[in-house]
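Protein chains in written order, with this note's numbering: chain P, 1 to 321; chain F, 1 to 321.
One side of the interface only, derived from the structure: several residues of chain P facing chain F at Cβ under 10 Å:
| # | residue |
| --- | --- |
| 1 | 194 |
| 2 | 245 |
| 3 | 260 |
| 4 | 268 |
| 5 | 286 |
According to the in silico footprint, chain F covers these stretches of chain P (three or more CB under 8 Å from chain F):
| # | region |
| --- | --- |
| 6 | 227-237 |
| 7 | 273-279 |
These are computed hints drawn from the structure, not numbers from a lab.
Glycine residues also receive a C-beta, built at the ideal position from the N, C-alpha and C atoms.
There are 2 protein chains.
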Amino acid sequence: MTRTVLESASKTVTIGFDEPFCVIGERINPTGRKKLAAELEAGDFSTVERDALEQVACGAMVLDVNAGVVYNTNPDPNITEPPLMRRMIDLVQQLVDVPLCIDSSVPGALQAGLEAVSGRPLVNSVTGEEDRLELVLPLIKKFNVPVVAISNDDTGISEDPDIRFDVARKIVERAADFGIPACDIVVDPLVMPVGAMATAGRQVFALVRRLRDELGVNTTCGASNISFGLPHRHGVNAAFLPMAIGAGMTSAIMNPVRLVEMESIRAANLLMNHDPNGGEWIRFSRVLEAVAQGASFAEAGKAAMATGISGGRRGGRRSRS
Amino acid sequence: MTRTVLESASKTVTIGFDEPFCVIGERINPTGRKKLAAELEAGDFSTVERDALEQVACGAMVLDVNAGVVYNTNPDPNITEPPLMRRMIDLVQQLVDVPLCIDSSVPGALQAGLEAVSGRPLVNSVTGEEDRLELVLPLIKKFNVPVVAISNDDTGISEDPDIRFDVARKIVERAADFGIPACDIVVDPLVMPVGAMATAGRQVFALVRRLRDELGVNTTCGASNISFGLPHRHGVNAAFLPMAIGAGMTSAIMNPVRLVEMESIRAANLLMNHDPNGGEWIRFSRVLEAVAQGASFAEAGKAAMATGISGGRRGGRRSRS
Numbered sequence: 001m002t003r004t005v006l007e008s009a010s011k012t013v014t015i016g017f018d019e020p021f022c023v024i025g026e027r028i029n030p031t032g033r034k035k036l037a038a039e040l041e042a043g044d045f046s047t048v049e050r051d052a053l054e055q056v057a058c059g060a061m062v063l064d065v066n067a068g069v070v071y072n073t074n075p076d077p078n079i080t081e082p083p084l085m086r087r088m089i090d091l092v093q094q095l096v097d098v099p100l101c102i103d104s105s106v107p108g109a110l111q112a113g114l115e116a117v118s119g120r121p122l123v124n125s126v127t128g129e130e131d132r133l134e135l136v137l138p139l140i141k142k143f144n145v146p147v148v149a150i151s152n153d154d155t156g157i158s159e160d161p162d163i164r165f166d167v168a169r170k171i172v173e174r175a176a177d178f179g180i181p182a183c184d185i186v187v188d189p190l191v192m193p194v195g196a197m198a199t200a201g202r203q204v205f206a207l208v209r210r211l212r213d214e215l216g217v218n219t220t221c222g223a224s225n226i227s228f229g230l231p232h233r234h235g236v237n238a239a240f241l242p243m244a245i246g247a248g249m250t251s252a253i254m255n256p257v258r259l260v261e262m263e264s265i266r267a268a269n270l271l272m273n274h275d276p277n278g279g280e281w282i283r284f285s286r287v288l289e290a291v292a293q294g295a296s297f298a299e300a301g302k303a304a305m306a307t308g309i310s311g312g313r314r315g316g317r318r319s320r321s
Numbered sequence: 001m002t003r004t005v006l007e008s009a010s011k012t013v014t015i016g017f018d019e020p021f022c023v024i025g026e027r028i029n030p031t032g033r034k035k036l037a038a039e040l041e042a043g044d045f046s047t048v049e050r051d052a053l054e055q056v057a058c059g060a061m062v063l064d065v066n067a068g069v070v071y072n073t074n075p076d077p078n079i080t081e082p083p084l085m086r087r088m089i090d091l092v093q094q095l096v097d098v099p100l101c102i103d104s105s106v107p108g109a110l111q112a113g114l115e116a117v118s119g120r121p122l123v124n125s126v127t128g129e130e131d132r133l134e135l136v137l138p139l140i141k142k143f144n145v146p147v148v149a150i151s152n153d154d155t156g157i158s159e160d161p162d163i164r165f166d167v168a169r170k171i172v173e174r175a176a177d178f179g180i181p182a183c184d185i186v187v188d189p190l191v192m193p194v195g196a197m198a199t200a201g202r203q204v205f206a207l208v209r210r211l212r213d214e215l216g217v218n219t220t221c222g223a224s225n226i227s228f229g230l231p232h233r234h235g236v237n238a239a240f241l242p243m244a245i246g247a248g249m250t251s252a253i254m255n256p257v258r259l260v261e262m263e264s265i266r267a268a269n270l271l272m273n274h275d276p277n278g279g280e281w282i283r284f285s286r287v288l289e290a291v292a293q294g295a296s297f298a299e300a301g302k303a304a305m306a307t308g309i310s311g312g313r314r315g316g317r318r319s320r321s
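Make a model of the complete structure from these sequences and hints.
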């Protein structure tokens, strides 16, 4: 059974076919967030702090940390990103005890993050591009950590799911050459917007099933891509996530502060028999009640955590299935 | 390709693997509705009228009609149910132009309904019980209509999905002996409450896939059973339906007046590439907006229908997939 094991200072999160879906919070990322980018350049980490606490309160089991700010004062990310990554990881680790996902395209920043982090983080990401494979896989091997493998290569992102599958297989095989096991490769099969490509949903469901059955790997995705450009995106996301989970998807990089998506994941966990005795669903229903009575999702989630609700099962407990 | 064709006086609804999910409205049924039962015995059909109009406005593509009232004045359903079925069908057909699902365990009521109905209805239901097979299948053959086949037999409802599959196969084979094709058998694999049986969801998903791949039949279910006894049932239902659709389920007998479930089905249709150009999703998003502004779902749905939204594609138009 494929188990991708992540650790913080004291907690273990396992991504696996018989585990609750792993929600990786995407918020701590200045890409496309101009205000956050400006704050980080100015040394203001208040938004990072708030995003860390809020995402965990809402049920994120892992937090992605991206330090990809293009500084106005020094536009070379190879210089600026490593120390910022280190600082952000230090800060987040002080606030919350969940495994981290070190997210960068700058190898020096990945290295800095891997040196700063406690436990066993996920690295985000490697692709099938030759230079990325040669730069990232040695780091993955050296630090003995799992990595997100994105299914594009030097020819770009193929619209043909068979080619994306072949890229994923190439990465798994190349990783094996470095001595990295398949259980430490979490494949992102790439989710296209269904508004632009009508087959996007079916492609992902079929790919996830093949990746699981033929390569035996865990999977992840940028879940909200599916609804890009459509009205009422949350409704599309909240159907996509259970369908992807039913097809075998085991994690997503997403915004956990959205109640409707998190509700759909909790329900899918229950329906996949990854919620023993329905305990998490029953506790989550109290969060829904508190929100209906006017509490924010984060407030209600935090209160529920204090009384026993968790962001998913932690540690070595096994599901019944 | 398996296509179960239903017709009203002027409209065709096709249940199929490459069709939008077929929503069969369950409301016109006095079982467990004491007030409705009393009204029907007293000759008051106002609730039936309202339920017919409301369900179609909310997106039901087929309406189930059940006349199973146990009269206080005459407790023999073989006497009372056939004329009531005829009257209810006449009434519903005058109000709405959607195919009907004639729902009874009384053969005389099925016969009365089949004589009264326009077009090509679905019959609900036959089981694997010997007496039901011998009573119902000749009617199905005589009237050349499709039938819901429920996966229990003389030994009851098995908790073993393999046995439920075998019962479904037996019904399909027995129907073939009568000259009834598999495309006119819509199998209900029986949905258990996930709160009572933790594997209930996974059982249904696996069964639906087998029924499709091995028997080539369409499927249906009483969708809300899955959440029986749980808090926040709509949240469980709204994840179950997309997961079942992803597994290959092609219809459900359900309450279409519930916005969150209908939203999840519309989104699943889009994600399955059963909503060409996302037209239905975009139109449905206007219903969501109207409801957010205070309209009832039925009002908003009716208004949207007047401007082009439908309860799903009708007639012979084919999907792109």
